[in-house]
Amino acid sequence: MQVPVEKKLEMLRSMMLTRAFEDTLQELCQIQGKIPGMMILCTGQEAVGSGVCAALEPNDFIISNHRSHSHLLAKGADPKALMAEIFGKRTGCNKGKSGTLHLSVPEVNAPCTTTVVGGGLPISVGVAFAQKYRKEKRVTVCLFGDGAADEGSFHEALNLASLWQLPVVFVCENNLYAGAQRYEEHTRVKSIAERAAGYPMPGAVVDGNDALKVYAATLQARDHAAGGRGPTLIECKTYRCRGHGETDPQHYQPKEEIALWKERCPIPRLQTELLSDGILSSEEIHRMEEAMREAVQEAVRFAEESPWPAIEEAFDDVYVTNS
Amino acid sequence: MQVPVEKKLEMLRSMMLTRAFEDTLQELCQIQGKIPGMMILCTGQEAVGSGVCAALEPNDFIISNHRSHSHLLAKGADPKALMAEIFGKRTGCNKGKSGTLHLSVPEVNAPCTTTVVGGGLPISVGVAFAQKYRKEKRVTVCLFGDGAADEGSFHEALNLASLWQLPVVFVCENNLYAGAQRYEEHTRVKSIAERAAGYPMPGAVVDGNDALKVYAATLQARDHAAGGRGPTLIECKTYRCRGHGETDPQHYQPKEEIALWKERCPIPRLQTELLSDGILSSEEIHRMEEAMREAVQEAVRFAEESPWPAIEEAFDDVYVTNS
Amino acid sequence: MQQLGMGQAVQQALREEMNRDPNVFLAGEGIGVSIHFNPYLPTHGLLDEFGPDRVKDTPVSEQAIAGLAVGASVAGLRPVVEIMFNPFFTLASDMIVNHAAKLRYLSGGKSTFPMVVRIKTGAGFGAGCQHSHNLEAWVAHCPGLKVVMPSTPADAKGLLKSAIRDDNPVVFIEDMMLYFAPGPVPEEEFLIPLGKADVKREGEHVTVVTWSKMVGVALKAAAQLEEEGIHVEVVDLRTLVPLDKETILASVRRTGRLVVLHEATRTGGFAGEVCAVVTEEAFSTLKAPFRRVTGPDIPVPVSPPLERFYIPDEEKLKAAIREIL
Amino acid sequence: MQQLGMGQAVQQALREEMNRDPNVFLAGEGIGVSIHFNPYLPTHGLLDEFGPDRVKDTPVSEQAIAGLAVGASVAGLRPVVEIMFNPFFTLASDMIVNHAAKLRYLSGGKSTFPMVVRIKTGAGFGAGCQHSHNLEAWVAHCPGLKVVMPSTPADAKGLLKSAIRDDNPVVFIEDMMLYFAPGPVPEEEFLIPLGKADVKREGEHVTVVTWSKMVGVALKAAAQLEEEGIHVEVVDLRTLVPLDKETILASVRRTGRLVVLHEATRTGGFAGEVCAVVTEEAFSTLKAPFRRVTGPDIPVPVSPPLERFYIPDEEKLKAAIREIL
Ligand SMILES: Cc1ncc(C[n+]2csc(CCOP(=O)(O)OP(=O)(O)O)c2C)c(N)n1
Ligand SMILES: Cc1ncc(C[n+]2csc(CCOP(=O)(O)OP(=O)(O)O)c2C)c(N)n1
Ligand SMILES: [Mg+2]
Ligand SMILES: [Mg+2]
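Residue numbers (the numbering used here), protein chains in the order written: chain A, 7 to 329; chain B, 7 to 329; chain C, 457 to 781; chain D, 457 to 781.
Excised from the complex, chain A in its bound form (with noise of 0.2 Å):
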């Protein structure tokens, strides 16, 4: 499949944004009191968000979970708006509400991000539905853990979506690791995307550390399913190189594998392919990079110096009072 420059320019971004982000909020969460709660980081993954956010449409929506920060940027989200919220700060874009871990961003079809595991995926039928009610040609993407696999509410989801032929495409983000549990110690099954035939719908492994591939299994099943021909499961076969989050020792991670999916990193990669297309050189990959830093760290300014939330402000978003 040829895949558009520009695309593959998108893509780069994207993963390069996320890089510089989640490296910026590692440090940050080193300085105590400045990050409150956990921080949960794709390094490694950034091909993920990348690829499927570049197959998809811009009102087509996404729902993720407590990983979040990879598909919100390529999504679109402003960086200032996501760390402020991170932050916990009032700029967030949840007003200091949600956090890292349900970070919800409507203005780029994000409409809300669950950490509860698995979680997402009946709430991605539902948005699905509501598409083929409407009749559009838009489809909604859940993004989910190995793990995820295993709950219940993964079951459930993808045979409704099945049987509703729903425009909806479950990408299952397979980083090898569930919190400390490695993958062959939560399930059996040699690979998640076997399930799809169990409901039945169409199942798909791709080199998840591939932006490329990632792209291309995308736009497939977002054709498919925009068709009116249902959902699909794809499986991202990916690596999670930190820790579940920042406080993890990782020592259930053979160094050794560390090391080797460190050397698959989807960046490089990427980079790689495209200075010897020609397409970018390494001076233009270099200031791509400082570009990146840069709005990070502005990002992390405006967080920085965006005031708390009042008090009173706690109340509020509870309900919708004009109701």
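Everything labelled a hint here was simulated from the structure, so no lab data went into it.
Even glycine gets a Cβ: it sits at the ideal position worked out from N, Cα and C.
Errors might be hidden in some of the hints.
What the hints assert, rightly or not - Under the rule of at most 25 Å between Cα atoms (straight-line distance), these lysine to any residue pairs were calculated in the SDA-like manner:
1) C:Lys743 - D:Leu705
2) B:Lys141 - A:Glu191
3) D:Lys743 - D:Arg722
4) C:Lys701 - A:Asp322
5) B:Lys219 - B:Gln36
Stated by the list, open to error - Here are some chain D residues pointing at chain A (derived, C-beta under 7 Å):
6) Gly486
7) Ile491
8) Phe493
9) His500
10) Asp513
11) Val516
12) Ser517
13) Gly580
14) Gly582
15) Gln586
16) Val758
17) Phe765
18) Ile767
Got chain A sorted already, so can you dock chains B, C and D with the ligands onto it with the hints?
Relative to chain A, chains B, C and D with the ligands alone:
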């Protein structure tokens, strides 16, 4: 496979007992106020419970669902205690607290029955876990409907049973309906057994109206499980000849379909085989019928003559109180 | 005025709102093709009328049903989904409690979830504790949800229409024993606002706060006590969240006596909330101890005498009232 | 005496009971191999000590985890399973509420379910409302379950050991903020019976009923008020079900004033139950309005100032006490 004659007779007997038991219940339901609650019968499906239980050892466990009469009678439950329970009498196997929907008969290793669709599956995994934990050579059978295979609990249970290679046999009684919903209206998978591959475990489809086939499949799965090789998913294709419950007008079940399946009734089927093999004479079959009817009449007499529980007994059995 | 059972009243509300707003759709188990064929039931006939695109029979998948509502509502539709029996709410509870109720807050007010979850509840049909288990106290303890429990056909209709038009997730709990008892329902369009209790009977000696099926029990007891010269005020909450504290407090300030009546089990039931509100805000007007009349702390048993015993009745209520007069 | 955090105390209880009874086993998400490597956490080290047959890391499958406990317990084992965070209780709630709590009753007392469900709870770690949501009021409203919420390391140890030996399903809720604060724990074996409240501080002016993490807040407030001559009695419920009414009533009968303090949201919280019991049974001894100090009716927000505001503190408690003195 050669099925021993005494097993064949056992299956025929338990099918005939269930049929007599439920035909009588159906009549009793017409009498206003005689039987509390719903009445869910398995007419036409008796081969499943009978075939499964004939393949089990007495100390194997079964976990049943709302449609349990055939399962429990085949496992050896006392018809008198069941009937009195269904009447809501103090002499019922559960002192009138359960009624028909969640009959529990620990005496025959049916320690609990649930009417929450799909609820039995995770529980059966727990029972099988205990068997493996204690290094027993016993197995647990979970009986559930095709509708239950849409519940998240199905998925979580099969995944865990496979992961830990537990001695459990999942028997799906696919009677073509879940409530008023035809099989094709609640899932698109051709057969529930295909889902076995997603965990993975062996999956088998058997003619659920043929007690001998059910027996053989269960026996094989039991050996597999007791031998430490883990769970099996067996789908018994059968048909619900009556409505979901006794008040169901069955307006959604095509008359021809019902007629067709009545011809496939598992009881005459096994009778014919035993007749043609010269194992039973029609005289003997007739006497068996009489005996079953008599046993059921005695159960009804017992239930009718039994006292209601006293009001204070409502407070018993919520907690173990010596603890 | 038309006489309808509560099932029919719910049906009318659904029909009117579906006619009014094409974004309203229904989903649930057996809400279209049903094992019952009974015009008194809430969704009877709606599949024929609105077709399978808007009346969705679902698989037995409570989590998916609730998730469908969460997703469809945030995408702009107005789902009305059904949980067949209250105990199965457990299976949908993650979607309703952790998602429907919280995702708006988590979005900082950007996303809205205009959905209704209808739940059938109540003891009295001999099905036992896995079918009969009143859990309104659970949902009333979840900020982000509104909770409605109507007691009459007219209330059910007016409240359900408001619930469907509300931009918040509303849990609407129907006691099945009310489906068949006819009551007057205005023919013309009407709405009843959420959050307003209704004084179903006035009286100056004691306030009985109750809701749902128990309102009928309270009215029966009140009529009987009237003959003894005891005047009972019956406050029907209608909506547990938002709670109409003003109406409760105004009544207790006049009567000085409070009894709360509900079918749910006693410990941790919503009676405690009502008692707390009154003891916080109208303590000085209280003339007598609080009483509650509730289901006992047991699962609902099947045996007819035991199930009858489980359900609070007018005798128990009268006894409680007499104790504090 | 040894000084342990509550996490270590739980760990000791688990270790001792596992050594004592081979039928006790543990299961849950990350209870063996964990993303934390921290000896202060409840199950740290137990996998190494007891091996993978008795310390079972499970998939992310809350319903299966709870079902495992139901099935294993009816078959004679004594499972102690963990639900990682209280909001995920929803996913296990069908198994716990409709099965663990009811199946004994449904069996007419023939089957028993000696299982413990440990649940981690509490706000204060910045993870937001899908991780922090106290739902003890839900479980306390389900006959068939016992509910324990310890406030100190020693209580946690003694209560958990009793819970494991109890033949009933017990929900044991641990506030994670207590895991790291050391407190004295006797070295020798000891049990604390379920159903007995503990007067953590005596005082004659006002009774504060509370539990779990909030006991510390109450004691702090009590110490501060002491300096003003206000003597606060702090009743730590320890067990919500069975509820030790005698201890509550005896205290209120002496002080005449009741404040209930809990972290869970206000409406429908367990404070209502305590208020109801007292207003029913000790009304005449009450000298002042009831007060409750609770989390506000909002989901737990992440932003640090908002989350701090959510959690009740000694200032709020002192203000409430002063209001009714
Ligand atoms: C229902 C639920 N159970 C448990 C958790 C705790 N938890 C958070 S992330 C996680 C692991 C999820 O693994 P996976 O789905 O593979 O996603 P990954 O973290 O690898 O991206 C767990 C168990 C949760 N958030 N929700
Ligand atoms: C969790 C749950 N949802 C809904 C119901 C209501 N209900 C009872 S039986 C039934 C249909 C079950 O179909 P299936 O599993 O195929 O069993 P069958 O009745 O055909 O034997 C339903 C929906 C229930 N008991 N439990
Ligand atoms: Mg993973
Ligand atoms: Mg069926």
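Evaluation of the provided hints:
1. C:Lys743 - D:Leu705: OK: Lys743 of chain C and Leu705 of chain D at ~19 Å, within 25 Å.
2. B:Lys141 - A:Glu191: holds, 22 Å
3. D:Lys743 - D:Arg722: holds, 23 Å
4. C:Lys701 - A:Asp322: holds, 21 Å
5. B:Lys219 - B:Gln36: violated, 35 Å
6. Gly486: Result: holds, 5 Å to nearest chain A Cβ.
7. Ile491: Status holds, d = 4 Å.
8. Phe493: holds, 5 Å
9. His500: The hint is violated - His500 of chain D has no Cβ within 7 Å of chain A, the shortest such distance being about 12 Å.
10. Asp513: This hint holds: Asp513 of chain D lies near chain A, its Cβ roughly 6 Å from the closest one there, short of 7 Å.
11. Val516: holds, 4 Å
12. Ser517: holds, 5 Å
13. Gly580: violated, 10 Å
14. Gly582: holds, 3 Å
15. Gln586: holds, 5 Å
16. Val758: holds, 3 Å
17. Phe765: For Phe765 of chain D, the interface hint holds, since the closest Cβ of chain A sits about 5 Å away, which is under 7 Å.
18. Ile767: Interface hint status for Ile767 of chain D: violated (11 Å vs cutoff 7 Å).
The structure fails hints 5, 9, 13 and 18 (numbered hints given earlier, in ascending order).
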